[in-house]
Amino acid sequence: MDPDAVAKAFVDHYYSTFDANRAGLGNLYQEGSMLTFEGQKIQGSQSIVAKLASLPFQQCKHNITTVDCQPSGAGGVLVFVSGTLQLAGEQHALKFSQMFHLMPTPQGSFYVLNDIFRLNYA
Amino acid sequence: MDPDAVAKAFVEHYYTTFDSNRAGLANLYQDGSMLTFEGQKIQGAQSIVAKLTSLPFQQCQHSITTVDCQPSGAGGMLVFVSGTLQLTGEQHALKFSQMFHLMPTQQGSFYVLNDIFRLNYA
Chain A
1 MDPDAVAKAF VDHYYSTFDA NRAGLGNLYQ EGSMLTFEGQ KIQGSQSIVA
51 KLASLPFQQC KHNITTVDCQ PSGAGGVLVF VSGTLQLAGE QHALKFSQMF
101 HLMPTPQGSF YVLNDIFRLN YA
Chain B
1 MDPDAVAKAF VEHYYTTFDS NRAGLANLYQ DGSMLTFEGQ KIQGAQSIVA
51 KLTSLPFQQC QHSITTVDCQ PSGAGGMLVF VSGTLQLTGE QHALKFSQMF
101 HLMPTQQGSF YVLNDIFRLN YA
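First to last, the sequence lines map onto chains A and B.
For the first sequence, position 23 (counting from the first letter as 1) is numbered 23 according to the UniProt record's numbering, and the numbering increases by one without interruption.
For the second sequence, position 39 (counting from the first letter as 1) is numbered 39 according to the UniProt record's numbering, and the numbering increases by one without interruption.
Be a bit skeptical, because a hint or two may be false.
[What the hints assert, rightly or not] Think about it this way: if two alpha-carbon atoms lie no more than 27 Å apart in a straight line, the pair counts; the simulated DSSO-like pairs of lysine-lysine are: (1) A:41 x A:61; (2) A:95 x B:41; (3) B:41 x A:51; (4) A:8 x B:8.
[Stated by the list, open to error] Which stretches of chain A does chain B cover? Using the computed rule of at least three CB atoms under 8 Å from a CB of chain B, they are: (5) 4 to 18; (6) 90 to 104.
Read the hints as simulated data drawn from the structure, not as lab findings.
Backbone N, C-alpha and C fix where the C-beta goes; we use that ideal spot for every residue, glycine too.
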């Protein structure tokens, strides 16, 4: 497993899916997955997708500035992302940082065990 | 183990040590520890501390804005920090985000297995 390749593929897939169809993120999380979104803690794929699908905007576009990754031990990959988030109709893009802890699935793919998102205010 | 309490204690200790005596960070890392600092990958306590002590400033002050944490599995803890960094003599503080993956030691403490640091440019 090449962590850099896994991280890049994951980031491309995650944000494309987020920007096109947030409900489609469901299969990237499992029952034990945890999301902390701007300080709010949510657990489990169903609740996580409910939270993301209910965010108060119709459309957004992520632009990724940096992606860093490291193996986390036990076959996992830590991915640390920074970038901007443009909401449709808003004049200025928001800056954000996000970290993911990806764990391997038996099918040879990865799912998100840990997800922490923060806006970076000016 | 209360993850929030561990995270809070770690963050206070880490940045206090960083701001007063960067060489003192050595016992927070081990041989397998990894640091990615502004995209540069460094491994092992010795090399990590050499990098941090060689950063081109005498003194700095971290101010922490947000701390989020989640258990990472296998007894580890993920800590996601954002804040500002004031270098002595510089007019404006820098914004940064940093994530740590803490693993338990046999003595009942924690060490840093993974560390990723990024400045958040305006």
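Outcome of the hint check:
{"no.": "1", "hint": "A:41 x A:61", "in the structure": "24 Å, holds"}
{"no.": "2", "hint": "A:95 x B:41", "in the structure": "24 Å, holds"}
{"no.": "3", "hint": "B:41 x A:51", "in the structure": "34 Å, violated"}
{"no.": "4", "hint": "A:8 x B:8", "in the structure": "31 Å, violated"}
{"no.": "5", "hint": "4 to 18", "in the structure": "violated (count 0)"}
{"no.": "6", "hint": "90 to 104", "in the structure": "holds (count 5)"}
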